[in-house]
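What follows is the residue order along each chain.
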Amino acid sequence: MSEAERKFLEVHGLKKSFGTGDTKQDVLRGLDFTVSKGEFCVLLGPSGSGKSTLLNILGGIDSADEGEILINGDKLEDMNEKSLTRYRRKHLGYVFQSYNLIPNLNVKENIETGAYLSDKPLDIDELLKILGLFEHRYKLPNQLSGGQQQRVSIGRAIVKNPDILLCDEPTGALDYTTSKEILQLIEEVNQKYGNTIIMVTHNEAIRRMADHVIKLRDGKIRHDDRNTEKITAAELEW
Amino acid sequence: MEKISFGKRPKNPLHKRVWRDLLRDWKRYLMIFAMLVVTIGFVSGMYVANNSMMTSLNGNAAKFRREDGHFELSRIPEPEVLEAIASGKKADMVKIFRERAYRDAEPEIVDAVREAVEETVREQVRAAITEQVTAAVDAQIAEAGAELPDDMRQEMLSQALETAMEESYDKAVSDALKEAWDSEEYKDALSKAEDKAHKKIDREIDKEYTKLAERYELDRNFDPVPVNVYELFFKNADEHIPDDAAFEGKIRVYNTRKEVDLFDLLSGRAPQNDREIIIDRMHAENAGIQIGDTVKADGAEFEVVGLASFTDYITLYESNTDTMFDALTFDVGMVTDEGFARIGTALHANYAFTYKNKPADLYEEKTLSDHFLKALITQAAAAEKETEIKDYVPAFANLAINFAEDDLGTDMAMSGVILYVLTAVLAFIFAVNISSTLEKEASSIGTLRASGFTKGELLRYYMSAPLLVVILAAVIGNVLGYTVFKDIAVGMYYLSYSLPTYETLWTPEAFIRTTIIPFVLMLAINFVVIVRMLRLSPLKFLRHDLKKTRRKKAVRLPRWRFFRRFRLRVFLQNIPNYLMLFVGINFVMLLLSLVVGLPSTLSYYQDTMPGMMFAKEQVLLTDYKDEDGEIIRTATEGAEPVSMGALEYRTEKYNEEISVYGIAENSRYISTGKTDKPDDMWISTAFAGKYHLNTGDSFTMHEKYENKQYTWHVAGVYSYDAALAVFMPNERFNEIFERDADAFSGYLSDETITDIDEKQIVKRITSDDMIKIANQLDHSIGNYIVYFQYICVIIAAIILYLLTKIIIEKNELPIAMVKILGYEDGEIARLYLLTTAVVVIITELIAMAIGFYAMKLMWEIMMQTLGGYFTFIMKPEGFIKEFALVTAAYLLITVCDFIRIRRIPKVLALKNAE
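First to last, the protein sequences are chains A and B. Just so it is clear: in the first sequence, position 194 is 1411 by the working numbering, and no numbers are missing. Just so it is clear: in the second sequence, position 829 is 967 by the working numbering, and no numbers are missing.
Check before you lean on any hint, since a few could be wrong.
Unchecked claim - Part of the chain B face toward chain A, derived, beta carbon under 8 Å:
hint	residue
1	585
2	588
3	592
4	677
5	994
Hints listed in this document are in silico derivations from the structure and should not be mistaken for laboratory results. No residue lacks a Cβ here, since even glycine has one placed at the ideal position from N, Cα and C.
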């Protein structure tokens, strides 16, 4: 792995606070870390630790008060809103806990909304098969289970083959079995397409399937470890 | 890493969603679409119809050789007078008047000088004879040598003088006068006397001319305006239809028109003999006269052989000072010259004129008219026989010619405004709906934005539905406008005006105004609203945090009962929707104020006008004395003399003709208070209302064709809405207008006056005359107004449906949640529907007041440009009707809302919980 690939994502001195005066609350208190290309990185931490805020800043939908973020050498804070949008369009994919699908587009069309953003999207039918949704491709979101909807959401994010896939508690609303299925899917995607994945979760168990685990508490990094004994998603238990 | 397969970039799937959005919410879109189609269709139809008819009217000016104006003289003048008028040159009035006065004075001057000369000659002859006779008598006495006493000498002298005088005085005088008439002295004396008299005449004429010149600006900016003058004689007569005894009308009959003001024969043929007539098509329809029917003009029967549109009577105004045209009881007809002779009423020496050099524009036409009027005034005044101008109306100021065209233009503008207001209201409803959709879809939008969708892409997507609806509505509306609605609009105008045939013209203006402008309005309003919301960051969308400013704390509510506080929360949460509801209901109420208020106003005048008459009959006489100089009296009980005149009240916008009444002392018909000062006058409520005059105010009235003005004070306002009028005692009337002390114009009477010769009666004014404005308006718009009322209810229902739907949709989750909590549908309806009901009812009450006052204001503005006045009246029933109509629409929608609430599934609250 080259130096550039090793430092695919660099975060230096990242700070963020909300409110002013007495109500000011420091959410991120100076974070420094790097994520390598193709790495499956998990951001762990309890509620209010700042992990979702960090993910949003990495995804360019929120801004830091201090510090810098470099993704593949591009400085995020130098970008204006338009450039950020373009950046997200070309390089990032988002998966949320609540799926956020478009209700009156079917499965395939929801994935097409992601494909439309890329000049060179993945083959949708093949992706649908990987997602296990090929049979359901003409169904509307409200005809799907929560797990299926999250698969669509992952499909929509991954179809443009983004450099980084940002997942915010993707299993937060799912049961154990479905959560494992989703994690397996994310693992599969990571292996097949080689995207860098940054996943926010409060599920400690998930750390075991990650390449890289960053644990946050009170806005600070408490642990920044590389997993030497990684297990598959199928082997996970909690 | 495994081999990756790539596919093609798909088309934007959001495009597919646009159609699905339209289908999913088809009821909402269909209603907006239907409203736009009907409005655009109607307005487009109006534009096409009005434009076609206006083009036809403009073209007809040349085609039917329409006059540039007309004037009526008190008698048929000599050909040379008409020639002089046609020359368009001003008569040198000073010179003509001087010459005429000199000529008139000449015999008097000569007589005076001759008398003086003759007297002198006679004195001189008498003295010479006396001297000669005295000398001869004295010589005779001396020759006789006798001394005669003086008395004898005197006697002799007297006898001799008498004899001499008898023998030679006359001859001597005659001889001397003969000599005198040829003498230089006589010529000098005559010349001096003439000079003196001429100077006096000059001074008087200069004084009089200065007055006239000032009034008509005769000495300023004049260029001769050569015109062609055409005889356009007419006779006014009562019109009767033998088959309809109840019908009473008036007809103005012209003889054959060949050169000017021709007519468009819409059916039948022109009259060919003295018993045939063609009449106005509009009046014929109103009076139920058909070709082949017989009409009587002052007793002379004519067979109607054609129905026409006369180019100078597109709108049937009997007089240019009338407030409203009257196609119900006023008719215009044309007969052959022989037929014309059969009508026994007085001939009106009316002449039409056309400019030899056509004006380029209205401004130039006004200038030409002013100059021509100067020429006309001076030439008429300069005529040898007294010739008065009875009427002068240039075409541009002739309501009979222009009113329809102006009305077509105003209606086009008005309907355009209604379309734009309605489009704006619908665009706001769209915008509110979209903003509610954006709130509902905040998560998806946040995800799309976070994934890299640009604001522009989302903006275009959310703008697509309203723009597609407006484009589709415009296309279909225009198709309907050019076909169905055009005919409806044409029908409406043909019901009021005597329009000629027209050819449908396809106007791009209709398309621009009914497509481009609504499209731009829809685009602009939605653009602003959507862009404002999309400015928010993706994160805000993801967090459903769409308020620009976030309240730190919730609004504290009073300690009311739970339901009341809940409803207040619903209200606070939906303020933007309720604001739209307020705007929408106000818009509907304004329209309703017109469509309910207008019939209300008309029926008020139709019902009360007969009661408003001073007396049941007002008889106007030709003169107050008959041919023998005897005062025309009536034995009718209660009849009292009255004087009537007219002056002008001038404003920048309009010169209004005001009736001036001279009333009998302690009049039983017009009981104004007494006025002590000579310039204190009572005025009618209509006059006071239209020009905002109050007791104590001063106002100035002008003579129409003279340089006289009167400044008076309002002594009181007399309750009389039927006309703009000034009241004063008859003695003062006669004094002010320099009439005989015992003069009057006619009689007021509650009984029909039967003992005055009809020849001496110019006009009997009855309540029918007074309500003809209301009747005509009722006839023109009465049929349509009910439909407009229904349309307003439909608009109200649609606006209410669209807005209450948004409110309920916005609250679907809480409604589902309270259902889970165990609230029954009725209770939920009380929570969510009662708030809207209260808002609707309060809005209705406010909107009724706003609509009424706005309409009153618009009415006054409209009245400022019309002659006469009647107040905008909304009867209490009118308000109740307005309220009932909108409430009925709301109740209908409430039923739909209640069903909608019942259909909201409980699981919604659970499924969407994030």
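Here is what the structure says about each hint:
no.	hint	result
1	585	holds (4 Å)
2	588	holds (5 Å)
3	592	holds (5 Å)
4	677	holds (5 Å)
5	994	violated (49 Å)
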